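Q: Now for the letters of each chain:
There are 2 protein chains.
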Amino acid sequence: MTKKIIGIDLGGTSVKLAMISQEGEILEKWSIKTNVLDNGTHIVPDIISSIKDKLDLYQLTASDFIGIGMGSPGKVDAQAKTVVGAYNLGWSELQEVGKAFKEAFDLPFFIGNDANVAALGEQWKGAGQGNQNVVMFTLGTGVGGGIVVNGQLVTGEGGAAGEIGHLTVDTQYMTACTCGKKGCLEAVASATGIVNLTHRFSDNYEGESPIKKDIDNGDEVTSKAIFDAAKTGDLFANMVVDKFVDYLALAVSHIANTLSPSHIVIGGGVSAAGEFLREKIAQQALAYTFPQIRQTCQIVLAELGNDAGVIGAAQLVNTSR
Amino acid sequence: MTKKIIGIDLGGTSVKLAMISQEGEILEKWSIKTNVLDNGTHIVPDIISSIKDKLDLYQLTASDFIGIGMGSPGKVDAQAKTVVGAYNLGWSELQEVGKAFKEAFDLPFFIGNDANVAALGEQWKGAGQGNQNVVMFTLGTGVGGGIVVNGQLVTGEGGAAGEIGHLTVDTQYMTACTCGKKGCLEAVASATGIVNLTHRFSDNYEGESPIKKDIDNGDEVTSKAIFDAAKTGDLFANMVVDKFVDYLALAVSHIANTLSPSHIVIGGGVSAAGEFLREKIAQQALAYTFPQIRQTCQIVLAELGNDAGVIGAAQLVNTSR
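Chains as they are written, first to last, in UniProt numbering: chain A, 1 to 321; chain B, 1 to 321.
Treat the hints as calculated values from the structure; they're not laboratory data.
Misleading hints may appear alongside valid ones.
[What the hints assert, rightly or not] The calculated BS3-like cross-link candidates involving lysine-lysine, where the alpha carbons are at most 30 angstroms apart (straight line), are:
1) Lys99(B) x Lys182(A)
2) Lys224(B) x Lys182(B)
3) Lys54(B) x Lys243(A)
4) Lys29(B) x Lys102(B)
5) Lys29(B) x Lys54(B)
6) Lys102(B) x Lys16(B)
7) Lys33(A) x Lys243(A)
8) Lys29(B) x Lys243(A)
9) Lys99(A) x Lys75(A)
10) Lys102(A) x Lys75(A)
11) Lys243(B) x Lys182(A)
12) Lys99(B) x Lys81(B)
The structure displayed is predicted, hence computed values, not measured ones.
Construct the complete structure from the given sequences, taking the supplied hints into account.
A: The structure is reproduced here in structure tokens:
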């Protein structure tokens, strides 16, 4: 029987785990709650214990696996196998994650940033269809992403590559971003960014719009409500969506023009707006993209959903060892 | 004796050739004229014959080398080892360059786009100091470049990666570019781009300036004259240079935020403006760059000059075989 891989996707509320074949098929998946108490000191022991239980249950040993891969929030040092600054886990101090796994299992262990690792999953078995050059934009509360070049995750100097959400796309209004700089994609094209845009446009909009009415009343407006209103023809919501798309298309073109990937994958919660959003981005990105590259670069929706993390973690083992 | 590499830098007026050690030391260099007559059909035979003469002269054979590398203008297919659309060579039709070298020498042959290959040279033995993640901007008549990630040249789908000159940075004026799209870096931050900016600013400038006077008289203004005037304190020239720098810094930040390279190298004819230009770009790029990446990414001037092409061609052999 061919050896398997253990993939781990560490999140702020749950840890997703899976046994995965070397070809990327999920053979078994499960999850445990993330216990962030006591500065997150229980997290790694909980994961290790859960994996040991699962191996016992199936009467498996380390020799049945080629390695363990993991995606983690925070700043990940892939060489040192450490994590720092994952505040949603209680990990403000440096965590020696690799050391703990090395002591627990006689197996190679590899770790990467969660958004990067999810991109590797989509590249390998999702919307990227195994192509060697694939980039993913994850549109959620913030904007994350990951870059795969020549089949390898790009981590860059200091592990900070793939900060797609901090591409400066708004040079006119220079909207403030939580990172400390201004004009970031994240400040105008995330779930919170689109709400920023709604406020920018509402001051000067004279027409009727249920969305504008909610803003004027001080009610909370969600990105989903804005996209739903745009789909039903609300002119104000469409103004907002068009600007959101324009910023995103500009960022997509920067990736296309520099890296010429075969696929740019749009994922994350905001991408639930689906084909309506994808088509608008693809159309607008044409104007910003080098003619030759327009013909080879497809803008596609993510396909793996929550499984992208564990599948990417498995591929991290395949591509790193 | 350790084996050597032959590096070839094919240009529109001359072909530079060199024998290079596997460590990147130029052992012998020479050049021949590029004969673009008869649709450039003499070029490859001339290069092959020149290499054979040199081997005879030093009583060397194929067994003294590990391979031949080449940088070429035009659209290069690294797999098929062909070139098409190198109009300055007379090569509008597909050229089977690899096939000709395979017939002439019993040696591995590798080919890449000339701007990409020069970037590989600077990454390996020049301003990149052998670091694994280095990107080069070549500011000449146009803007070219090359991207090295994990020590490998990035070619992307269809070989079109590294089109740094066609990053859309001017979303306000959307200056027309020769590529057919608008707002490209090349249209505002090359030797011709800076002249475009001079015309944009001269209409609304009221003060005294020798540069503005030349424009109003319809005289030709060069990028060198603009930089020289800026250095001596000409206010109009400094307005132009500041805008030029702002566009370039934005493009530099896009590369920094996505790839987090250790070095971004500024080369090409316009970079003769030297430290005056480099410092301005580095300063302005800070405002557009993710805080963590500011600390790890250096903006540096190219160091190899005309040797970057042959040295990069040698490294293409090292990294491809």
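Q: Run every hint past the structure and note whether it holds.
A: Results for each hint:
1. Lys99(B) x Lys182(A): Status violated; Cα separation ~52 angstroms.
2. Lys224(B) x Lys182(B): 25 angstroms, holds
3. Lys54(B) x Lys243(A): 61 angstroms, violated
4. Lys29(B) x Lys102(B): The hint holds at about 22 angstroms.
5. Lys29(B) x Lys54(B): 10 angstroms, holds
6. Lys102(B) x Lys16(B): 20 angstroms, holds
7. Lys33(A) x Lys243(A): Roughly 38 angstroms separates the two Cα atoms, so the pair is violated.
8. Lys29(B) x Lys243(A): This hinted pair is violated, its Cα atoms lying about 54 angstroms apart.
9. Lys99(A) x Lys75(A): Answer holds: Lys99(A) to Lys75(A) is near 17 angstroms, not above 30 angstroms.
10. Lys102(A) x Lys75(A): 20 angstroms, holds
11. Lys243(B) x Lys182(A): Given that 30 angstroms is the threshold and the Cα spacing comes to 18 angstroms, the pair holds.
12. Lys99(B) x Lys81(B): Holds, at about 8 angstroms.
In summary, the numbered hints that this structure violates are 1, 3, 7 and 8.
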